[in-house]
Structures are given as structure tokens and as C-alpha cells.
Amino acid sequence: DQQVKQNSPSLSVQEGRISILNCDYTNSMFDYFLWYKKYPAEGPTFLISISSIKDKNEDGRFTVFLNKSAKHLSLHIVPSQPGDSAVYFCAARGAQKLVFGQGTRLTINP
Amino acid sequence: NAGVTQTPKFRVLKTGQSMTLLCAQDMNHEYMYWYRQDPGMGLRLIHYSVGEGTTAKGEVPDGYNVSRLKKQNFLLGLESAAPSQTSVYFCASSKIAGGTDTQYFGPGTRLTVL
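Heads up: the sequence lines are chains A and B, in that order. At position 48 of the first sequence (counting the first as 1) the number is 48 in the working numbering, and the numbers step up by one without a gap. Just add 110 to wherever you are in the second sequence, counting from 1, and you've got the working numbering.
Next up, chain B with everything else stripped away, as it sits in the complex (with noise of 0.2 Å):
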């Protein structure tokens, strides 16, 4: 199992430039979800998926969007990148809502916005 992996692990984007950041699991887990973490402010939850075909915002979610067409994958899109979002991204799974199901992480995305 390869757990939680993500795609690309470093990106540099100039202001206005757009992107996605892939996040794929293999442990058939239902919820997902996207964090990012910044100096001094720990993990902050984007955006988030209950299940396949569902998204909700979190507690950061303006200037991203996201999509969760296969169970297994979790899309991170910034339609016009701004420099307030270079930050560490990462990606998480559980298999039921956090609690006694511990949320895997995967190992980052390091975001550059110029």
C-alpha cells in the first residue's frame, strides 16, 4: 500500500497562474481532505469530501476549488494563484469522520507563488 501520495511534492507559480494538486489514497477511505500549514498557524482544513461525487469548505476555502470524481483521488485546484497561498499542502484520508478513524497524511505539496 502506497498510503497517501501527492502530485507534485514542489511548485513554483507566478502570480495569476493556475494549477492543480493531485491526491490519491488506496486505502478505499471515504472522507478526504486538504490542509495547508503555515508558519505559526498549524494545519488549516480547505476544503474537504464525505465521499465520491461531495465536497465541502472547511475553514480556508476561498481562492481554491475542489472535486472528488473517484473515491480514491481528491483534486486541489487554484483557478488564479495569489501569493497568500504559498504554503505547505497536504492531503489527508480516514475512513470514517476523524475520532476513533485517525486521518492518514500525505507527504506535501510545497507551494511557491511569485
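The following block holds chain A by itself, in its conformation from the complex (with noise of 0.2 Å):
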């Protein structure tokens, strides 16, 4: 049972434009949420995070929303770099633990 659900393995968008990454998770009891970028041959490290009890967090290029009801959470890249190019794992916080989603591979186009 995939608790938290990245359902597009990968998304490819150009130079400039906005990269929008989505997830969906099932637990209401999940209480904090966090995107962390993957690099080939790397370990993940955090790129941003929200709380349950906020729908939006902002931090430069990067924007996380998040929409309770629908049990759904967006990564917004605005605008898109090539350094960017990665894949994103959204991860929800229950019993003390990460609960991770499969991963999007994003990939920036000149």
C-alpha cells in the first residue's frame, strides 16, 4: 500500500518555464511534508519543506503547496534551471518516520 504516490516517473520541461511536480498521499495523519533533489550517484538532500497546517512555502526559486483536502502537494520550479535537472522524492512525516514517494525525474532542456 503506496502511501505517499509520485505518478509521473518523469517530466521534461524547458530552460526558463516552470517545472511543477505533483504528489498525493493517503494518511491524513501525516503532519509535515519535504521535496529532496537526487543527483545520479549522490544521496537525496532537502530541498523544501511545509507544514500540515500551512498551504504554501516559499524559499527563492522553489514554492511547495499543499492542499489538505485533495491529499495533494506540488513542487514549483520557477523559473527552470539545467542545474535543476534531477530526480524529486516527496516524503510525508507519520509516526516519527519518512514515508517516501517513488521519485520524478525532471529533466531541463536548453
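Rather than coming from a laboratory, the hints here were simulated on the basis of the structure. Heads up, a few of these hints could be off.
Stated by the list, open to error - A few chain A residues that don't get close to chain B, going by computed Cβ distances all over 10 Å:
(1) Glu15
(2) Ile20
(3) Ala41
(4) Thr63
(5) Gly83
(6) Asp84
Unchecked claim - 20 Å max Cα-Cα, derived DMTMM-like pairs, lysine to aspartate or glutamate:
(7) A:Lys5 - A:Asp31
(8) A:Lys54 - A:Asp84
(9) B:Lys119 - B:Asp136
(10) A:Lys54 - A:Asp31
(11) A:Lys5 - B:Glu169
(12) B:Lys205 - B:Asp136
(13) A:Lys54 - A:Asp24
(14) A:Lys56 - A:Asp24
(15) B:Lys180 - B:Glu140
(16) A:Lys97 - A:Asp24
(17) B:Lys119 - A:Glu42
(18) A:Lys5 - A:Asp55
(19) A:Lys97 - B:Asp172
(20) B:Lys167 - B:Asp148
(21) A:Lys37 - B:Glu189
(22) B:Lys180 - B:Glu162
(23) A:Lys97 - B:Glu140
(24) A:Lys68 - A:Asp24
(25) A:Lys56 - A:Asp31
(26) B:Lys167 - B:Glu140
(27) A:Lys71 - A:Asp24
(28) B:Lys181 - B:Glu140
(29) A:Lys71 - A:Asp31
(30) A:Lys97 - B:Asp148
(31) A:Lys97 - B:Glu169
(32) B:Lys205 - A:Asp31
(33) A:Lys37 - A:Asp84
(34) A:Lys97 - B:Glu162
(35) A:Lys5 - B:Asp148
(36) A:Lys68 - A:Glu58
Using N, Cα and C, we set each Cβ at its ideal position, and we do this for glycine too.
Put the two chains together into one complex, using the hints given.
Here's what the structure looks like:
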């Protein structure tokens, strides 16, 4: 039973445009949500997070939106840059542990 | 600070062999975690530790054992490796459990079981 799902395995976006990565969850007890970024042959690195009591958090080019009624969160990257090409994982906290989605591979095209 | 380091980076085992993966962190973090990453599956928690001398099972603990004898080290053991344990293994640590304090990951160990 996949509690956190990223339904798009891959996404291709032109440089300078907006990238939107999506994540759905099923457990309404999750209280914190995070996005991690992963380059090949490296470990994931923290990107941005949001508490369940908020609906938006912004950090520079990165914004995370949370829609609790739909159990959906999204990551917006604008403008997209070549260095943003990576695999992005969303994660949700429950019972002091993180549950990760399958990941979305983002490719930024010049 | 080296952060989180993992040893070895790569390993090939034959079915039935045993091995230990070592994770070390120099951030004085209380919590440590072992994950495995498989294609299309994301990161799945194997075991975790909330402090020195304590361990707990995660989502996929079968076939693995762990030990946290020192606060800075978290060992993952495979007693009798199976091809299904071919994966990339990541160790992570955090000051507190998830949430506002993020998990810091090591670079990973790529394990192949033949």
C-alpha cells in the first residue's frame, strides 16, 4: 500500500519555464511534508518542506503547495535551470518516520 | 564536517554470503536510518535508531539486522544475502525525528547479489 505516490516517473521542461512536480498521499495523519532532490551517484538532499497547518511555503525559486482536502502537494520551480535536472522525491512524516514517494526524474532542456 | 559517510561504496556478493555496511555521522545526531532504493519504489525504510543502543524495524526489515553501539555509527548487516537484496542502500541521520529537522543522507552503497 503506497501511502505517498508520485504518479509521473519523468518530466521534461524547457529552461526558463515553470516545472511542476506532483505528489499524492493517503494518510491524513501525516503532519509534515518534504521534497528531496537527488543527483546520480549521490544521496538525496533536502530542498524544501511544509507543515500540514500551512498551504504554501516559498524559498527562492522553489514553492511547495499543500492541498489537505485533496491530499495533494506540489513543487513549483520557476524559472527552471539546467542544474535542476535531477530526481525529486516527496516525503511525508508520520509516526516519527518519513515515507517517500517513488520519485520523478526532471529534465530541463536548453 | 564530513556529514554522513558510508562504507563501502560498491560491493558484489554471492548468494548466501554475509556483509556489513557501515554508516558514520559527525553531526552528533540522535536519529539514524537505513533505506534501500529500488527502481520505481522510491526510498523504503529498513531499520532505524532513535539513539545509541536502540534500534527499530522499518517498512522492509526482513533479511537485515542493525546495531547502534556508538552514537555516531549505525551498522546494517546482511547475514545471508539474496538476489532480492540487490539495491542501493542509503544511510541518513537527523537531530530529531523527521519534520522540522531534516534527514541528511550519505552517498549510498550499491550492492549487487549474484
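Given the hint that A:Lys97 pairs with B:Glu162, test it: the Cα-Cα distance must not exceed 20 Å.
With a Cα-Cα distance of about 17 Å, the restraint between A:Lys97 and B:Glu162 holds, given a limit of 20 Å.
Checking one constraint from the list: CA of A:Lys5 to CA of B:Glu169, max 20 Å. Satisfied?
OK: A:Lys5 and B:Glu169 at ~16 Å, within 20 Å.
Holds or violated: A:Lys68 and A:Glu58, Cα atoms, limit 20 Å.
Between A:Lys68 and A:Glu58 the Cα gap is close to 17 Å, so the pair holds against 20 Å.
Under the criterion that the straight-line Cα-Cα distance not exceed 20 Å, is the pair A:Lys5, A:Asp31 satisfied?
16 Å, holds
A:Gly83: least C-beta distance to chain B exceeds 10 Å?
19 Å, holds
When you check the alpha-carbon spacing of B:Lys119 and B:Asp136, does it fall within 20 Å?
Holds - the C-alpha atoms of B:Asp136 and B:Lys119 are around 18 Å apart, at most 20 Å.
Would you check the hint for B:Lys167 and B:Glu140, treating anything up to 20 Å between C-alpha atoms as holding?
Given that 20 Å is the threshold and the Cα spacing comes to 16 Å, the pair holds.
Is the Cα-Cα distance between A:Lys54 and A:Asp31 20 Å or less?
Given that 20 Å is the threshold and the Cα spacing comes to 10 Å, the pair holds.
Non-interface claim for A:Thr63, where every Cβ of chain B lies beyond 10 Å:
18 Å, holds
Reported absence of A:Ala41 from the contact zone with chain B (all CB gaps over 10 Å):
At roughly 7 Å from the nearest Cβ of chain B, A:Ala41 sits no farther out than 10 Å, so the non-interface label is violated.
Against the 20 Å threshold, does the CA-CA distance of A:Lys56 and A:Asp24 hold or violate the hint?
Holds - the C-alpha atoms of A:Asp24 and A:Lys56 are around 16 Å apart, at most 20 Å.
Is A:Lys56 close enough to A:Asp31, meaning Cα to Cα at most 20 Å?
14 Å, holds
Hint violations for this structure: numbers 3, 8 and 21, all remaining hints satisfied.
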